[in-house]
Amino acid sequence: MPHVQVALAAAGFRRYATYRQAALAGAFTNVVFGFMRCYILLVVAAQAGGSVGGYTGPQLVSYVWLGQGLLAVVNSWTQLDLAERVRTGDVVADLLRPINPLWTYLWTDLGRAGFAMVTRFIVPVVVGAIAFGLYVPRHLLTYPLFLVSTALAVLVCFACRYLISLTAFWMLDIRGVTMFWVFVSGAASGLYFPLAILPGWLSAVLWVATPFPALMQAPLDVAVERGGLAHGLLVTGGQLVWVVLLLLACRWVQHNAVRKLVVQGG
Amino acid sequence: MIISASGLRKEFTVTRKAGRFRRERHVVSAVDGVDLRVERGELLGYIGPNGAGKSTTLKMLTGVLTPSGGEVTVCGIEPVAKRTTLARRIGVVFGQRSQLWWDLPLGESFSLLRHIYRVPAGDHATRLRQCSDLLGLDEFIETPVRQLSLGQRMRGELTAALLHGPEVLFLDEPTIGLDVLSKQAVRGFLAELDARGDTTVVLTTHDLADIEKLCRRLVVIDHGRVVHDGTLDELHARYRSRRTIVADLDTPWPPNLKIPGAEVTTVEADGRRVTLALDGLAAGQVVAALAQAVALRDLSVQEPQIEDVIARLYRDAD
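Protein chains in written order, with my numbering: chain A, 45 to 310; chain B, 768 to 1085.
If you're looking for bench data, these hints aren't it; they were derived computationally from the structure.
Treat the hints loosely; a few may be bogus.
What the hints assert, rightly or not - List of simulated lysine-lysine pairs, BS3-like, C-alpha gap at most 27 Å: (1) A:Lys304 - B:Lys950; (2) B:Lys784 - A:Lys304; (3) B:Lys950 - B:Lys980.
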């Protein structure tokens, strides 16, 4: 891998590694909410005869605790710096580098996700495993497939957030778009509840026509082997398609944004 | 010629409310036909009042803003079309923007830039050493950028802009908000850079001391047009800037008294303080004539103020 990508990813990693107390506080919050969600879902499952939306007890535990861990890795709630830099005009510095800002932000975000993986992901998963016991995959291949699916989820989420940031070129204040995104990406990605509990047609539309399930539900389903390994491969393939489509969209929108560029505060 | 612009124009469309639902569109001309030729190794002061079009010109020269008209090349390259190619050959510091990574130590920003610009490790180390020696970076190179003072950050920004060995350095108000010592450090560094002669510098500033100490050539822009292109001395000559003598007297100034080679401009303090502008005669001769005509208590000779001449230039252009 060329040096510049490694250097950017390392910078992203180090940038977040600076804030260790924030990482610890974030992991603690994830754990607290993990307990709440886990107890609620297990009670619902007990009332419903042992499963919810086709997820058995251990699968639900894994769904909750891996989800709590992935929250900071995928990072759908935090916007990229790009939007703020467009608003303040600092984006000029990004455009004056001999590298496409899309790749600068992407590699930096991968570094950030790497740091989140070794801190924010590990803590809730270990707590969940000790307190409840996680689902143990039957296939060895599930482990690397989960990592691939998680990496793709990070990329899908990055591309979505990059597109949201790019709207700042037209709107300057993107708080409205961000609020809409936080709501939809939470509800439609399987973060709040497994998408399987939705009506069949709605769940199908979300899976086929939107990238949201690729953010959370996809890696979580891979981890709990919902539908078996073949289904996991299909889901991961779908994520890959979304990554390609969304990054192409990012390039196209960025091209247009830069073309109409009027740097603020000139 | 390293920078060439002819008839450079930039117009912005601004929408204004003209009723409850109606909006009117107005075209505002930020840069209106600027011609500029800069030779390799020059240090050019590009000045003008707020809103004159300085930053807009700089953005067009660096390729982040598409001109509405005219032609421009920098290092023989058309900036907007080849922005990323040009980025390797120019350095830019916007005084109110940052190109450093906020959360990382300054030194890590520098090594990241080395990778981004693909600078050989040896060249990077040499340039960093030079900048560090001149700007005194060593004491804060391990400090995260967010903890740097404005003066320290600006020294970091200057270094960041030079590590890839750019042919042209664009500086947009690099001394804005700096204290006296930091300003001196930045000016000293730019003077050194100018003396070496291998980097062309285009400097926009409101700090007239920057201009006086650094810029041999001055391009003044107002309302998007060039209103002066020449040396500071030429600007003084154009506005007939004159040295002045301020004299405090024991007795009031006789109303009709004339001193050869000087013009009385103000009489204050009940006639006990008089200001005379010199019309080309040596100050000594005028002082001698003055001492013979009136009883002098105190006296000072003042050089023409650059503030005055620049203010007159801006006023004239209005």
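So, going through the hints one by one against the coordinates:
Distance restraint check for A:Lys304 and B:Lys950: the Cα-Cα separation of roughly 36 Å exceeds the 27 Å cut-off, and the hinted pair is therefore not satisfied. Our distance criterion of 27 Å between C-alpha atoms is met by B:Lys784 and A:Lys304, whose separation comes to about 22 Å. Using a Cα cut-off of 27 Å, the hinted pair B:Lys950 and B:Lys980 holds, with the two alpha carbons roughly 11 Å apart.
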